[in-house]
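Chemist: When we follow the working numbering, the leftmost residue of the sequence shown carries the number 1, and every step to the right adds one.
Hints may be right or wrong, so weigh each one.
With a Cα cut of at most 30 Å, we get these calculated BS3-like pairs of lysine-lysine [said to hold, decoys possible]:
| # | residue 1 | residue 2 |
| --- | --- | --- |
| 1 | K135 | K66 |
| 2 | K75 | K163 |
| 3 | K231 | K163 |
| 4 | K76 | K135 |
| 5 | K76 | K66 |
| 6 | K163 | K66 |
| 7 | K163 | K76 |
Source of the hints: derived by calculation from the structure; they are not laboratory data.
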Amino acid sequence: MPNIQTLLPDTLVPLAIHEILTRQYSEMPIVNEDGEYLGMFSEKCCMRVLASLIELIDASKRDPPKASNVMIPRKKLFTLDPGEDVFDAMSSLLAMGYSGAPVIASDGEFLGIFSERTCLGFVIEAAYSEIPSAKVGGFIDPDSNRLINADTDLHAIARIFVKTSYARLPVVRDDRIIGQISRRDVLNHSNILSSILRHRLDLPQTERESSLPAADTFLAAYGMLSDHSVKAFADTTSHSIDPEMDLFSVAQLFLQSPYRRFSVLEERRLVGQISRCDVLRHAIRLLK
C-alpha cells in the first residue's frame with residue numbers, strides 16, 4: 001500500500017487535523033493494525049469537529065472573522081472563460097491540483113463553477129465515443145446556494161460546509177466574484193481550533209490565539225477535542241470499490257456522490273485509492 005498515508009482508529013483528533021492541514025490532504029483513510037479499512041477522516045470531518053466546538057463555546061458571545069478577512073481575493077484566483085475548451089480547462093485544473101474554478105463572463109459577471117464533477121460524465125463519454133470537444137460554458141454549476149457575501153462570518157460559513165458537499169464558497173458582491181473561501185481556509189483561520197491544536201501539540205501560540213480567554217467553555221472545548229479519537233468523527237459511509245471495477249463504473253460512482261476519492265479494498269483491506277483526478281487524467285490520455 002505505497003504512498004498512502006493512513007490514520008489508526010485511536011489517533012487523537014488534534015493529531016489527525018494537524019496531519020491533514022500540514023500535509024495538505026483532503027482526507028486520510030482510517031485503517032486498523034491488521035490493515036482493515038474502517039472509514040475516512042476528511043476536511044469535512046474536520047468541519048464537523050469545528051462546528052461542535054463552535055456550539056460548545058457559545059459562538060454568539062464571540063466575534064468571529066468575516067468572509068472578507070478569510071477569503072482568497074479575486075486577483076489571486078484561477079478563473080475560466082465560458083468559451084474555453086473543456087479539455088484545455090480540465091488539463092489546467094489537473095496540472096494545478098484544483099478541483100474547480102469560477103467561470104467569469106467577459107463583463108465580469110460570475111456565472112458558476114466549472115469542476116471535475118461537472119464535466120466528468122462528458123469526458124468519460126467522449127473518451128469512449130469520440131465526441132467532439134465542448135466549451136466550459138456548457139458545464140457550469142450555477143448553484144446560487146453556495147454564494148456568500150463579504151460579511152458572512154466564519155461560524156456561518158463552517159455550518160454551510162457541514163450541511164453541504166461544497167468544498168469552496170464564492171464570495172460575491174453585485175453578481176461579481178470578489179473572492180473564494182475553502183474548507184481549509186476556514187480551518188486555518190479558526191482561532192479556537194488553532195489555539196487548541198497548538199496547546200495540545202505543545203506548539204507556540206500566536207498573539208491572536210493566546211488572547212483567547214481560558215474560560216470554562218474554552219477548557220471544555222479543549223477537553224472534548226483532546227480526548228476524542230478520529231473514529232468519533234469518521235465518515236464510515238464513503239464509497240469503497242473493488243480493484244477490478246472498470247473506469248466507466250468508477251466515473252458513474254463519482255457522478256452520484258460528493259466524494260473526491262474512493263478507497264480500493266480487497267477483503268476489507270485497503271490496497272489503494274482512486275480519485276476523480278485519476279479518472280479524468282486517464283480519460284484525457286485516451287482522447288489524446
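Chemist: Determine for every hint whether it applies to the structure shown.
Modeler: Outcome of the hint check:
no. : hint         : in the structure
1   : K135 to K66  : violated (35 Å)
2   : K75 to K163  : holds (29 Å)
3   : K231 to K163 : holds (20 Å)
4   : K76 to K135  : holds (24 Å)
5   : K76 to K66   : holds (19 Å)
6   : K163 to K66  : holds (19 Å)
7   : K163 to K76  : holds (27 Å)
Of the hints listed earlier, the one the structure fails to meet is number 1.
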